[in-house]
Amino acid sequence: MPVDVEARVIRNTRLSPDYNVIALAAPEIAAVTRPGQFVMVRPARGLDPLLRRPFSVFEILRDEDRPIGITILSKRIGPTTRLLFEAAEGDTISCLGPLGQPFALPEPDAEAWMIAGGVGLAPFATLAESLAARGIRSTLFYGARRADELFYLSWFEQRGVRLVLSTEDGSAGAHGRITVPLAAAFQAADGARVACYACGPEPMLAAVSQLAAGFGRDVQVSVERVMGCGMGGCYSCVVPMKTPDGGHHYVRSCISGPVFAGSSLVWD
Amino acid sequence: MPVDVEARVIRNTRLSPDYNVIALAAPEIAAVTRPGQFVMVRPARGLDPLLRRPFSVFEILRDEDRPIGITILSKRIGPTTRLLFEAAEGDTISCLGPLGQPFALPEPDAEAWMIAGGVGLAPFATLAESLAARGIRSTLFYGARRADELFYLSWFEQRGVRLVLSTEDGSAGAHGRITVPLAAAFQAADGARVACYACGPEPMLAAVSQLAAGFGRDVQVSVERVMGCGMGGCYSCVVPMKTPDGGHHYVRSCISGPVFAGSSLVWD
Amino acid sequence: MGLTTPVDLSVRIGSLQLANPFIAASGCFGYGVEYAEALDLSRLGGIAVKGLFLSERQGHPPERIVETPAGMLNAIGLQGIGVHRFIAEKMPELRRLGATTIVNICGSTLDEYVELARILSDVEGVAALELNISCPNIKEGGIQFGCSLHGTHDVVSAVRKVTRLPVIPKLTPNVTDVASFARAAAEAGADAVSLVNTFLAMAIDVETRRPRLSNVVGGLSGPAIRPIAVRMVYECRQAVTIPIIGMGGIASAEDALEFFIAGATAVQVGTANFVDPFIWQKLVDGLEQYLERHAIPGVAALVGSLDTTPEHA
Amino acid sequence: MGLTTPVDLSVRIGSLQLANPFIAASGCFGYGVEYAEALDLSRLGGIAVKGLFLSERQGHPPERIVETPAGMLNAIGLQGIGVHRFIAEKMPELRRLGATTIVNICGSTLDEYVELARILSDVEGVAALELNISCPNIKEGGIQFGCSLHGTHDVVSAVRKVTRLPVIPKLTPNVTDVASFARAAAEAGADAVSLVNTFLAMAIDVETRRPRLSNVVGGLSGPAIRPIAVRMVYECRQAVTIPIIGMGGIASAEDALEFFIAGATAVQVGTANFVDPFIWQKLVDGLEQYLERHAIPGVAALVGSLDTTPEHA
Ligand SMILES: Cc1cc2nc3c(=O)[nH]c(=O)nc-3n(C[C@H](O)[C@H](O)[C@H](O)COP(=O)(O)OP(=O)(O)OC[C@H]3O[C@@H](n4cnc5c(N)ncnc54)[C@H](O)[C@@H]3O)c2cc1C
Ligand SMILES: Cc1cc2nc3c(=O)[nH]c(=O)nc-3n(C[C@H](O)[C@H](O)[C@H](O)COP(=O)(O)OP(=O)(O)OC[C@H]3O[C@@H](n4cnc5c(N)ncnc54)[C@H](O)[C@@H]3O)c2cc1C
Ligand SMILES: Cc1cc2nc3c(=O)[nH]c(=O)nc-3n(C[C@H](O)[C@H](O)[C@H](O)COP(=O)(O)O)c2cc1C
Ligand SMILES: Cc1cc2nc3c(=O)[nH]c(=O)nc-3n(C[C@H](O)[C@H](O)[C@H](O)COP(=O)(O)O)c2cc1C
Ligand code: FES
Ligand code: FES
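Quick mapping for you: the protein sequence lines, in order, are chains Z, E, W and P.
Sequential numbering from 1 applies to the first sequence in my numbering.
Sequential numbering from 1 applies to the second sequence in my numbering.
Sequential numbering from 1 applies to the third sequence in my numbering.
Sequential numbering from 1 applies to the fourth sequence in my numbering.
Hints may be right or wrong, so weigh each one.
[Unchecked claim] Incomplete in silico selection of chain E near chain Z, CB under 8 angstroms:
(1) 18
(2) 46
(3) 47
(4) 78
(5) 79
To be clear, the hints were calculated from the coordinates, so they are not data collected in a lab.
Keep in mind the model is a prediction, meaning the values are calculated, not measured.
Note that beta-carbon positions come from the ideal geometry of N, C-alpha and C, so glycine has one too.
Turn these sequences into a full structure, and let the hints guide you.
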């Protein structure tokens, strides 16, 4: 059951000129959020911007194990993310959640691969913690434009996550897209039980889904569509899901997703 | 010539749960503003609220005689004044001015009476300074709802301004409206040369104008009409000015005012 | 709420009694059931469910919405499960939850409206029919009726003949004289009219020089349109005596009050529900407080109470 | 601006050449002279001066404006000094300052429009006539022409006969099919059409239950209406070949670009000038940068360049 919290900003950390991590006091949300779920956020006081915007829950903040809040990893691209970038400690931000279907966690004997492009890293911090709590070995395939847009590397390392990195300019990790090291990993993994998760720009999700399919595997993708309500009310956030007859129908990614089997969607 | 300054908030002092004085870095405006002039202010970043709002220049801030900024005395009644109330040091506020016709200063041998109701105190700090600089004796008749809504009393006293106070609840000064002590003062002033200035709610301006007229005197009133532009562009801010035929025509208070001879306007 | 006599929030729309005058607007609240986990649906005055055709519809490809100043455009294209699946899959839960269900229906032809009305009249728990003759986003449905006085008259009287449910045509604001459409609807036997649907509008991505919506044009809703919607409700109030359900940009009790005072007996809330799905209790509380503060016994006494006498008469 | 070939910001409206496509909207810039201290008026593409009747007009009592979500209502009631005082008192200064002056004229009868056009045709420095047949705020003037196709046609052809100045009827958005009005205007010999005027709207003070404007209703302008205005310009672009002057909520170069791409050859800016009287240089700079960035030689190449082919065709 989603709740709406006027969440106080505990901390706002700028990671780069465009990225920030904002910590929000929202114990009710922190207590029940599962990896892959999201919140609908509204930092504005007046009517501009009007609508909430969806953001993955990045971290769960705890005070001696008691969940006290969440963080959001935000990339500045428009009015809401600008307000999130500029928010000051003590401001309040309206935060509705948790929403959406979480990732399905793998069997204990599988390993897990998280595949992130850019701000698509966001759902994987909570997932990494859940995986670690189950003792599941995990790898983060993480691609970005440049080395200085690869964030939280030590955070993941501290939690035992193996890192495979790539940058478009070659300034860290492999040169190019993350699909290159990923393809090699699929090749090497052979028959191993691997649960794959991906989040990032849609072309990347399409590429990863197709790549996985080529190896007879599936990926849980977290899609990011423009969302009006996040609750199933508006039908704005649809993705084309395959139908048995070879066509597609539109399903609402806010309530049926944002996590889908990559193989179930039509990628164009 | 008005300029538009993205003025940094130097300081924001709350005087009460509704009133604040906000100090803005705006040397270009501070350098040329004359008593009675106003600025059109917009603290919002987005489109809500959309339009600027008019505010009297309250004080001129100086750094060793160099004008560096202005203050605004604001009473919280809506979205803009709420933003002014909540503004933090370092925020920027768009500030267009100086605008409008200033008060006419009296001859050196006259004395001056400033008649303020509530936030109508705002234009009188700069006026008091100008009067003091000319060596003109001045009195502030200042009415408010309660004692704790009488602000800046020592500020005026330090500048040699005599104070006559009234409150609606009798908690300071005379009990009731400021027109009561004012009527007594008119009575006592007899033939003395007095320049009268008034700013406050329109019913008060009407009452003061009529009172003055009864004693054969006039008052320079500063009217506060809803203003769309402050520059003469929109014709929203009109006041009815008497015409010789006993009728009236509408004049724009932003460019022909906000200061008018009380006797020139139609009060209803 | 203090110890005063409780104010009366209930309103009557034809034979339909609503516990309070706040209705979820069609297309903005799914089929209602989506909100059942978050809200007690029986506490809403009513729920106008997503516009239904006879058969399932795919809707338009994304992008389907775009935010605009104090508003949004939508071109969903009436994606929907069709009336039969609605009755089978959604109505049982709506009944169970005690929702006052207003079914918004759309047809490509007059016969389809009649058929939909016939089918829904026999369904337990359907409280009223809202005739969507005003969706700006699809070519084939509704709007050809909504933009013609004859069309409006014909579809309302045809539906009227086949149902005893309250019939509420929903008017488009994209016309020169909305009051004449309210009149046509009333003459054809409508129990009430609802207005406004969205304003036909568009937004352009200047970098790509392409429309932001896949459908090129869409419907503008949200606070931006409120002043126009209030004016249209006011005009209709002068033209007809049947109840008016007002909407367009309501985001607070104060906004809703503008509509009641202009002449609406009930209101719908669409876009603002996206921003705050918990708005319903706030609307009820705000209205209640207002009525108490002004010593007005109930909503009915407020409806159409605008005082337009000149200030200094 | 870099070292690239300078882009061409000039546009042509009939026989009228504008240095850039940004015009101050009528009623939002006084008679122009009010801004002469703050701005170099010759740097604006043009100035549409406040709507003029033959004789002086008092206008409506206050309140005349009220802010609404991302917009404002106005019911000024066309207060004005009349055409004769305008010519005597304002035109000399406008000429001296090199302003491209478009005179917005209003009449209560067809004859008044003709008379105004005749008078102004002989005045040096008048660059064009904008026929205000769309003011929603006054009962007697203009709008009865603007809401009827015949009325629009008649007033345009009558004015056309008595002047060689470019004739630009200004269309109201308060109609079902604005494109048909553009067509009527074009057929009657208009050199261009301008649109949109304001949307008839109202706001209510719920505490007093009185209208916020003394005139009860007023015209909605500002960013709120932009998506509707862009759609209307786009529709007119399909309907006529004469130039379109677009307006409605433009507050940035990007907003203006939506109008050019939708089909406007020039744009007017009203409400945003109240918010930022120094907007003009920003508009020019923003447009210039956009054209350079996209290697578009001039505004003309941008006009009506919207690409509506489906994304995955
Ligand atoms: C389930 C979900 C989880 C998300 N998690 C995060 C997150 O953790 N961190 C984060 O930074 N962002 C995340 N996003 C994306 C985020 O919602 C957008 O960045 C946000 O809406 C931007 O808001 P804005 O007001 O700043 O800009 P807007 O004005 O909303 O957007 C600016 C431009 O980007 C486009 N745009 C907006 N959202 C998207 C999108 N999802 N895909 C493609 N284009 C888009 C808009 O159409 C517009 O042109 C998530 C989205 C979804 C659906
Ligand atoms: C020349 C001039 C100088 C002013 N100087 C000051 C000043 O120094 N300090 C100060 O606090 N205020 C001053 N005001 C008034 C100030 O402009 C308003 O308080 C301001 O517009 C409120 O903005 P808002 O967005 O907070 O509320 P708004 O939403 O603009 O207003 C809230 C409500 O108050 C009404 N309202 C707004 N302005 C006025 C008004 N002037 N008279 C009556 N009702 C009004 C509105 O109609 C609305 O109902 C001045 C006004 C003028 C014209
Ligand atoms: C996303 C969306 C979908 C809509 N779908 C429908 C619909 O199916 N049937 C209908 O009659 N109106 C539909 N509308 C119109 C709304 O019911 C309402 O008339 C309009 O949005 C104005 O109200 P608002 O400003 O409160 O949103 C839709 C509106 C939106 C925003
Ligand atoms: C205060 C005000 C006064 C106006 N007066 C006139 C007028 O005299 N003649 C006219 O044709 N349009 C008039 N308009 C309409 C504007 O010229 C313009 O069409 C409308 O405001 C939409 O543009 P905007 O959103 O940029 O303001 C007026 C608008 C406002 C806000
Ligand atoms: S965002 Fe509204 S239905 Fe998904
Ligand atoms: S405020 Fe616009 S003319 Fe005075």
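Query raised in the report: Honestly, which of those hints from before does the structure not fit?
Result: 1, 4
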